[in-house]
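Whenever a hint applies, use it, and build me the whole structure from the sequences.
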Amino acid sequence: MQSSAQDAGTPYVLQMFSVSKTFGGVRALDDVSFEVREGEVHCLAGENGCGKSTLIKIVTGVYTPEPSADIKCFGQSIRSMSPKQSRAMGIAVIWQDLALFPHMSVAENIAFDQMVGNLPRFVRVGSRLDQVKSILDRLGVQLDLDAPLNTLPIAQRQIVAIARALMGDARLIFMDEPNASLTQSETDHLLEIVRNLSAQGVAVVFVSHRLAEVLEISSRVTVLRDGKMVGVFPTEGMTQARLTELMTGASLQQTVAARDRSAAKPVLAVENLTRHGEFENISFTIRAGEILGLTGLIGSGRTELAHSLIGMTKPDQGAIYLQGRQIKPQSIRQAIDLGIAYVSEDRLSLGLIQPQSISDNSSISVLKSLLNQIGLLSPDKQGQMVRHWINELSIKIGDPDDAVSTLSGGNQQRVVLAKWLATEPQLLILDSPTVGVDVGARAGIFRIIRHLAENGLAILLISDEVTEVLFNSDRILHMNGGRIVNEYDPRQTSVDALEVQIYA
Amino acid sequence: MKQLQRHLGPETLPLIAVLVLIIAVFSFASPRFLTGANFGSMASQLPVLGLLTLAMLVPILSGGLNLAIVFQANLSGLTLAWILIAFGGVEAGYGAFALGVVAAIIVGALSGLIMGLVIAYVGAHPILVSLAMMIFLRGVGEFLTRGGDVSGFPDFMNTIGYGTLLGIPVPLIIFLAAAILWHIMLKRTRHGFSVYMIGSNIKAAEYSGIPTKRTLTLIYTISGAICAVAGIVMAAQFNSVRVGHGEALLLVTVLACFLGGIDPFGGFGRVLPVVIALVILQVLSSGLNLLGANQFLSIAVWGLFLIGVMALRWLVSWLARTRKWGIM
Numbered sequence: 001m002q003s004s005a006q007d008a009g010t011p012y013v014l015q016m017f018s019v020s021k022t023f024g025g026v027r028a029l030d031d032v033s034f035e036v037r038e039g040e041v042h043c044l045a046g047e048n049g050c051g052k053s054t055l056i057k058i059v060t061g062v063y064t065p066e067p068s069a070d071i072k073c074f075g076q077s078i079r080s081m082s083p084k085q086s087r088a089m090g091i092a093v094i095w096q097d098l099a100l101f102p103h104m105s106v107a108e109n110i111a112f113d114q115m116v117g118n119l120p121r122f123v124r125v126g127s128r129l130d131q132v133k134s135i136l137d138r139l140g141v142q143l144d145l146d147a148p149l150n151t152l153p154i155a156q157r158q159i160v161a162i163a164r165a166l167m168g169d170a171r172l173i174f175m176d177e178p179n180a181s182l183t184q185s186e187t188d189h190l191l192e193i194v195r196n197l198s199a200q201g202v203a204v205v206f207v208s209h210r211l212a213e214v215l216e217i218s219s220r221v222t223v224l225r226d227g228k229m230v231g232v233f234p235t236e237g238m239t240q241a242r243l244t245e246l247m248t249g250a251s252l253q254q255t256v257a258a259r260d261r262s263a264a265k266p267v268l269a270v271e272n273l274t275r276h277g278e279f280e281n282i283s284f285t286i287r288a289g290e291i292l293g294l295t296g297l298i299g300s301g302r303t304e305l306a307h308s309l310i311g312m313t314k315p316d317q318g319a320i321y322l323q324g325r326q327i328k329p330q331s332i333r334q335a336i337d338l339g340i341a342y343v344s345e346d347r348l349s350l351g352l353i354q355p356q357s358i359s360d361n362s363s364i365s366v367l368k369s370l371l372n373q374i375g376l377l378s379p380d381k382q383g384q385m386v387r388h389w390i391n392e393l394s395i396k397i398g399d400p401d402d403a404v405s406t407l408s409g410g411n412q413q414r415v416v417l418a419k420w421l422a423t424e425p426q427l428l429i430l431d432s433p434t435v436g437v438d439v440g441a442r443a444g445i446f447r448i449i450r451h452l453a454e455n456g457l458a459i460l461l462i463s464d465e466v467t468e469v470l471f472n473s474d475r476i477l478h479m480n481g482g483r484i485v486n487e488y489d490p491r492q493t494s495v496d497a498l499e500v501q502i503y504a
Numbered sequence: 001m002k003q004l005q006r007h008l009g010p011e012t013l014p015l016i017a018v019l020v021l022i023i024a025v026f027s028f029a030s031p032r033f034l035t036g037a038n039f040g041s042m043a044s045q046l047p048v049l050g051l052l053t054l055a056m057l058v059p060i061l062s063g064g065l066n067l068a069i070v071f072q073a074n075l076s077g078l079t080l081a082w083i084l085i086a087f088g089g090v091e092a093g094y095g096a097f098a099l100g101v102v103a104a105i106i107v108g109a110l111s112g113l114i115m116g117l118v119i120a121y122v123g124a125h126p127i128l129v130s131l132a133m134m135i136f137l138r139g140v141g142e143f144l145t146r147g148g149d150v151s152g153f154p155d156f157m158n159t160i161g162y163g164t165l166l167g168i169p170v171p172l173i174i175f176l177a178a179a180i181l182w183h184i185m186l187k188r189t190r191h192g193f194s195v196y197m198i199g200s201n202i203k204a205a206e207y208s209g210i211p212t213k214r215t216l217t218l219i220y221t222i223s224g225a226i227c228a229v230a231g232i233v234m235a236a237q238f239n240s241v242r243v244g245h246g247e248a249l250l251l252v253t254v255l256a257c258f259l260g261g262i263d264p265f266g267g268f269g270r271v272l273p274v275v276i277a278l279v280i281l282q283v284l285s286s287g288l289n290l291l292g293a294n295q296f297l298s299i300a301v302w303g304l305f306l307i308g309v310m311a312l313r314w315l316v317s318w319l320a321r322t323r324k325w326g327i328m
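Protein chains in written order, with our numbering: chain C, 1 to 504; chain F, 1 to 328.
What the hints contain is simulated information worked out from the structure, not anything from laboratory work. Possibly wrong hints are sitting among the right ones.
[Unchecked claim] Quick list of in silico lysine-lysine cross-link-like pairs, DSS-like style, CA-CA up to 27 Å:
1. Lys396(C) <-> Lys381(C)
2. Lys314(C) <-> Lys213(F)
3. Lys187(F) <-> Lys368(C)
4. Lys328(C) <-> Lys203(F)
5. Lys213(F) <-> Lys368(C)
6. Lys187(F) <-> Lys381(C)
7. Lys368(C) <-> Lys203(F)
In structure tokens:
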């Protein structure tokens, strides 16, 4: 099924042996080896902090490895590498944030590296246009070359970043979490492009959390854990569960946990809710202690529906009932006061205030409860509250005054949960709660969610990851084109059946 | 030590060290520096700049700027002056003064409120909105005064400008009281908490239930009110009001904020280091003045000083980084 790239005879484009790197007292990489063959699609897997990014930064010359390292690149022995050298040799990295220029055109972005030099000179993107076009042809995509980059959806920006790497004749491309913010169909398209590249002899190294895709496309996977090498494995015959086990060092059984909650009292009832152009005639009920899964593609109206439930937008028709009483939240503040909490899908820019402290981030929504007798914020009360939630959700932190951005994805998401649980909600809306969270940490987050439901909290779980909804919800609603098209009982369906329904 | 550092913020101790150093140098260079007269003159010059800096501080913390502060102060001062004159000028009593103060603060707060509403609800950039307000107030003020002075205040106004209470100059007391109030507002009230959060990420703050529009409106309203207090002190010190008085202070307030470690992009900063930064600026200009240096030279020294401080901060953080990552 995979290309011939995995044949033992294919030459290596990159070989690294005994690579170590220490930061301060922390051993970020400890005697790691890594090899990539020509045209191979290779996966570099491991949890956050396992040393993946350090390894990439060594390949690209950002960090210098300890002297023990032995690195061969395209058959050439390398003592030390600089970012410029590594690019000249044909190594490119597509970072998660893509590092593109939002206000420049597609063509300018693709030809960027060819347009800048050591000395100022006139910039003529026109002279590069043919080359840009031929690269997009090579990728098999059509893009409006004059469109400003920021008018493109994320998925197309990713293609621009790939094209930019190819402009520099890249023969080895690292992709850091390329599908973190893509929908399933966009991911499929990306994978097709990668297959294409592989067939043309370009090696691609994937760094990804989303194991399903990784297993599907790559021929081999190198697993790192805590800076140490776990091993290199062929993906043929590898299962997600086995890979998770290798990454986390613990085995993880996923089973359907659905329970029948139809006897419990309804917490949220939505009747014929409509907001033209976003969603139509939405009706459903969530009962106390129930986890209702809501799945569907991005753009199916899931997030828009959530926004209307929390007062961000106003529905045109229909009614929302909370505990039997009709509510019309006008702002997020009002929704919070009514007992609705919303964990945003975009933790980086909406869920948390990244540069501010863990302490302030977890208390931001409950300032009122932190006032003392004369109406001033009490640092003691804040400290107590923050300590309480850090213990309750086992958040691993250094100091509550540290910026929340210093935490791993999983721990950041726990801070988000702490912030919302502190508001004592009756309904918790989770919008893609595990985006950018490690596999091991995901299980921890769902343990918390399950526990909350057992204590009677009603939960709306929005996600486009089929396994996530299937294994964690009590019922599943499928949304498509702004309407609820189907309802499933997790106990009577399977991952495959659901995937066919949603993505077909 | 670490506890103290944490309590005062990382900016405070280095600034105090700089202040002590500068005072030592000037005491050594000029016998007149460490005298009551010099301290008295510094204490009477500092408060107006200080009050205007407080007016600039909170908008910067929220990620904005208020360019209208000086003219807000001028217009508020004018309001007080007109009311005093309407009640007999030199003959005006305490009642007229009290009325004038209230009216002045209302005018200051109102001009701020308008800016705040536009910034919060129209979503226009604070630089543009406050620039427009500055030009508007200046035009209105110059039109109403025909570019001249308004003067003729009762004698007791002098007490506010130059009087002392328990040996401390009254303007200094007003400024210190305002600074303490600002510290409490920023660190211990919900409004202050919201200011920091909005300064870092206004969208995420809104998603967390912070009333962002109300907070922005309040930030500029309070900024306008403290401008009015500055305008009242100015009127008392100059014994007259003229539109354009203190115009040069606008950028000095920004300088003082940055010197005091306020993040120019918002979200981080404290009142105490800014107050120390103000004292440093005042000591520099008074000291140079005593040494017979040209007044313009002392302004140049302020600029150089800020550049020096920025370079030093960069050096300190660079050293900290290299030590942390074991590169050195």
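Each hint tested on the structure:
1. Lys396(C) <-> Lys381(C): 21 Å, holds
2. Lys314(C) <-> Lys213(F): Holds, because 18 Å separates the two Cα atoms, which is no more than 27 Å.
3. Lys187(F) <-> Lys368(C): Between Lys187(F) and Lys368(C) the Cα gap is close to 15 Å, so the pair holds against 27 Å.
4. Lys328(C) <-> Lys203(F): Holds, because 22 Å separates the two Cα atoms, which is no more than 27 Å.
5. Lys213(F) <-> Lys368(C): 18 Å, holds
6. Lys187(F) <-> Lys381(C): 14 Å, holds
7. Lys368(C) <-> Lys203(F): 20 Å, holds
Consistency with the previously given hints is maintained throughout, with no hint failing.
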